[in-house]
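With these hints in hand, go ahead and build the complete structure from the sequences.
Here's the letter readout for the chains.
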Amino acid sequence: MSLLYFIVQQSMYFSIPLLIVALGGMFSERSGVVNIALEGIMIIGAFSGTLFISFFQDIIKGQPLLILALLVSALSGVIIALAHAYASINMKADQVISGTAINMFAPAFAIYAARMINSARNSNGTQQIQFNNQFHIAKVPVLGDIPVLGELLFQKTYITTYIGFAILIIAWLVLYKTRLGLRLRACGEHPHAADSVGVNVYKMRYIGVIVSGILGAIGGLVFIIPTTTVFDATVAGYGFLALAVLIFGQWRPWRVLFAAFFFGTLKAISSAYSGIPFLLSLPVNDYFYKMLPFIVTLVVLIFNSKKSQAPRASGIPYDMGKR
Amino acid sequence: MNALKKALGRGEGAGVLPSLIAIVIGLLAGFIVLLVTKPGQALGGFTAILTGGIVDMKSIGQVLYQATPIMLTGLSFAFANKTGLFNIGTAGQFVVGAYAALLVGVKCTFLPGALHWIAALLAAMIAGALWGFIPGILKALRNVNEVISCIIMNYIGMYMVNFLIKETIYFSLKNQSMPVLASANMPKAGLNTLFSTGINMSSLNSGLFVAVIMAVILYVLLEKTVFGYELKACGYNRDAARYAGINENRSIIISMAVAGAMAGLGGALLYLDGSGRGFNVVDVLAPEGFNGVPVALLAMSNPIAVIFSAIFVAYLSVGGLRMQLYEFAPQAIEIIIAIIIYFSALSLLIRGAVASLIAKNRERRGERGNKQAEGGDTQ
Chain U
1 MSLLYFIVQQ
11 SMYFSIPLLI
21 VALGGMFSER
31 SGVVNIALEG
41 IMIIGAFSGT
51 LFISFFQDII
61 KGQPLLILAL
71 LVSALSGVII
81 ALAHAYASIN
91 MKADQVISGT
101 AINMFAPAFA
111 IYAARMINSA
121 RNSNGTQQIQ
131 FNNQFHIAKV
141 PVLGDIPVLG
151 ELLFQKTYIT
161 TYIGFAILII
171 AWLVLYKTRL
181 GLRLRACGEH
191 PHAADSVGVN
201 VYKMRYIGVI
211 VSGILGAIGG
221 LVFIIPTTTV
231 FDATVAGYGF
241 LALAVLIFGQ
251 WRPWRVLFAA
261 FFFGTLKAIS
271 SAYSGIPFLL
281 SLPVNDYFYK
291 MLPFIVTLVV
301 LIFNSKKSQA
311 PRASGIPYDM
321 GKR
Chain L
1001 MNALKKALGR
1011 GEGAGVLPSL
1021 IAIVIGLLAG
1031 FIVLLVTKPG
1041 QALGGFTAIL
1051 TGGIVDMKSI
1061 GQVLYQATPI
1071 MLTGLSFAFA
1081 NKTGLFNIGT
1091 AGQFVVGAYA
1101 ALLVGVKCTF
1111 LPGALHWIAA
1121 LLAAMIAGAL
1131 WGFIPGILKA
1141 LRNVNEVISC
1151 IIMNYIGMYM
1161 VNFLIKETIY
1171 FSLKNQSMPV
1181 LASANMPKAG
1191 LNTLFSTGIN
1201 MSSLNSGLFV
1211 AVIMAVILYV
1221 LLEKTVFGYE
1231 LKACGYNRDA
1241 ARYAGINENR
1251 SIIISMAVAG
1261 AMAGLGGALL
1271 YLDGSGRGFN
1281 VVDVLAPEGF
1291 NGVPVALLAM
1301 SNPIAVIFSA
1311 IFVAYLSVGG
1321 LRMQLYEFAP
1331 QAIEIIIAII
1341 IYFSALSLLI
1351 RGAVASLIAK
1361 NRERRGERGN
1371 KQAEGGDTQ
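Chains U and L, in that order, give the protein sequences. Taking this note's numbering, the leading residue of the first sequence gets 1, the next gets one more, and so forth. Taking this note's numbering, the leading residue of the second sequence gets 1001, the next gets one more, and so forth.
Quick caveat, the hints were computed from the structure, so don't treat them as lab data. Bear in mind the structure is a predicted one, so any value in this text is a computation, not a measurement. It cannot be assumed that every hint is accurate.
What the hints assert, rightly or not - Beta-carbon label-pair distances, calculated as ranges:
| hint | chain 1 | residue 1 | chain 2 | residue 2 | range |
| --- | --- | --- | --- | --- | --- |
| 1 | L | Leu1141 | U | Tyr176 | 27 to 37 angstroms |
| 2 | L | Leu1221 | U | Ile316 | 26 to 36 angstroms |
| 3 | L | Ala1114 | U | Gln309 | 53 to 63 angstroms |
| 4 | L | Ile1304 | U | Asp319 | 28 to 38 angstroms |
| 5 | U | Ile316 | L | Ile1304 | 23 to 33 angstroms |
| 6 | L | Lys1224 | U | Ile169 | 20 to 30 angstroms |
| 7 | L | Pro1039 | U | Phe303 | 36 to 46 angstroms |
| 8 | U | Leu180 | L | Lys1174 | 50 to 60 angstroms |
| 9 | L | Ile1304 | U | Phe303 | 48 to 58 angstroms |
| 10 | U | Leu282 | L | Lys1174 | 26 to 36 angstroms |
| 11 | U | Gln309 | L | Lys1224 | 16 to 26 angstroms |
| 12 | U | Leu282 | L | Lys1166 | 16 to 26 angstroms |
Every residue gets a Cβ at the ideal spot worked out from N, C-alpha and C, and that includes glycine.
Here you go:
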């Protein structure tokens, strides 16, 4: 039983960021803009968030610091997403190229800025940002005492787990139960039809990309916090994995949840297999476990892509003059 | 002058002008980045970027040497792009190619002389082609988005190569691959002594020739053959190509395999450069793979132009090494390149602006010409 708790707790650390980032990608793509820049946005978000924590960890303590850091990284995500939105919406640029540029920019910027800041602060120009992890919650009061469920969900956890689930519910409500969501989805399926009934396609797409910037950046910080105390300008390909999760989840919130936990659990097993006696006893190299999530992702995509339900206008710049 | 004008603003404002504008904006942005971080040393650092690649013969040799692998990954990306495919999998194809070359270089001791490095290059191309073939066939038969499958293949390739190196050709003291036999290295062909400053020789070798020859071959294949025409037709409009009787699935698969072979060859040329470079067993994607993307985009996917854009990007990197003398982190170069790519993505807008400018100019000149003609009539 303790093994089950261990796997569930571990997989939360990997699934929640995937969930948040993939939901961000969902908003962008459902509005009609492909956002391959999620990886870069995650790096920027994690960079600004950890930098904020490392500067203010002696002044502010505990969960409020984390919440503030999340807000800071969300803001940085908005800024970088605006660059993508401007290129792909106003300039009608190739969205994949613009995204690739951001993916190149983000790690370079994170390393450059970190080295410059570190050399000014303590003259050891390393590219890592160190911070104290003071956000771990050993046990949520009251809820953590519920038998089984309490141990599964409310012990050895982070506040980010609940933020992730809250984002899921809000995302679903906004996308399917509000006028805004309906309009946003229309712009991703048939922007000309949406335009003809008075929906501002540009505005909707800006909203979609900005939301993906916020969630992507938050996801970056959420990924870093439980897994390490040193940010090294990388999120280990999680932005790209989130894109795969989005496709596997068929651009729908609850399926994205399922997909995120599917991969998150695999990833947790691959990184924590040495703590699982059965897997450790198998005569398999650890590189196999590292490859496993990617191989399974590919296999899933092979069986999932033929009947893909991608937003029809996703990736196509909206040109009012075209029909 | 006319030829220059033609090159700069061919027809509707295509040509190299948009790329040049993007480069200028990128460099300016880079200068601003340096100014913001260390105002006092910004000018020196920026001058180092601009001139670091030509201060002496050795630097020129280093530029050409660094251009070689990214020329091939650039060709890889450009070739697939001509068929409308976004081959972001160059990093994975690059490392499997590198591994195949190293394996042949270390293990195939029975191969004599020049045959050894030729065999190593061929092995690298085959391995790379296989790594490109997989996303290609998945795209053709199962409609798997090649961007995602390529990214996944990058990670699988990276872990697999690290695993295989540890199993087969591991040099545990240095945590890298064993050194290859001398016969597996690319011949220097006198290039290292030609491009040298005093006794400091550059690392340039005949791999450069291989890369340039590949660029020419791909250019001829794309521009002068029916097969190349079919590939491009699929890139322009897949449905129209299918309607015209072109086998689009075959085109996608072959295009990805050729692209993979190029990236694999790039991996071979990097590690068979004769400097005794070993493959470091770390879980990091090969940066040379991703550097092919800006090279190809700057060249607008023209194989011949890739030669020059690769030299340009290498020139910036060599300048970036020199910039470190002024205590700037070399990542400033990557920031500059990323900004250049971003603005080359806006090339549609720049191209449009250039086109309308040219049209206006022509109109004005046309009007003037008409007036002169009229004037001539009245006299």
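Cβ separation of U/Ile316 and L/Ile1304, checked against the hinted range 23 to 33 angstroms: 31 angstroms, holds
Whether the CB-CB distance between U/Leu282 and L/Lys1166 falls inside 16 to 26 angstroms: 18 angstroms, holds
Range hint compliance [Cβ, L/Leu1221 to U/Ile316, 26 to 36 angstroms]: Between L/Leu1221 and U/Ile316, where Cβ atoms are some 30 angstroms apart, the hint holds.
Cβ separation of L/Lys1224 and U/Ile169, checked against the hinted range 20 to 30 angstroms: The hint (20 to 30 angstroms, Cβ to Cβ) is violated, given that L/Lys1224 and U/Ile169 are roughly 59 angstroms apart.
Whether the CB-CB distance between U/Gln309 and L/Lys1224 falls inside 16 to 26 angstroms: 42 angstroms Cβ-Cβ, so the 16 to 26 angstroms window is violated.
L/Ala1114 paired with U/Gln309, Cβ distance criterion 53 to 63 angstroms: With a Cβ separation near 55 angstroms, L/Ala1114 and U/Gln309 satisfy 53 to 63 angstroms, so the hint holds.
Consistency of beta-carbon spacing, U/Phe303 to L/Pro1039, with hint 36 to 46 angstroms: 57 angstroms, violated
L/Lys1174 and U/Leu180 - C-beta distance against the hinted 50 to 60 angstroms: Holds - the Cβ-Cβ distance for U/Leu180 and L/Lys1174, about 57 angstroms, lies within 50 to 60 angstroms.
48 to 58 angstroms as the expected CB spacing between U/Phe303 and L/Ile1304, which holds or is violated: 41 angstroms, violated
Cβ distance range 26 to 36 angstroms for U/Leu282 and L/Lys1174, holds or violated: 30 angstroms, holds
Status of the given 28 to 38 angstroms range, CB of U/Asp319 versus CB of L/Ile1304: 32 angstroms, holds
Satisfaction of the hinted span 27 to 37 angstroms by the C-beta atoms belonging to L/Leu1141 and U/Tyr176: Holds, since L/Leu1141 and U/Tyr176 (Cβ atoms, about 34 angstroms apart) stay within the stated range.
In summary, the numbered hints that this structure violates are 6, 7, 9 and 11.
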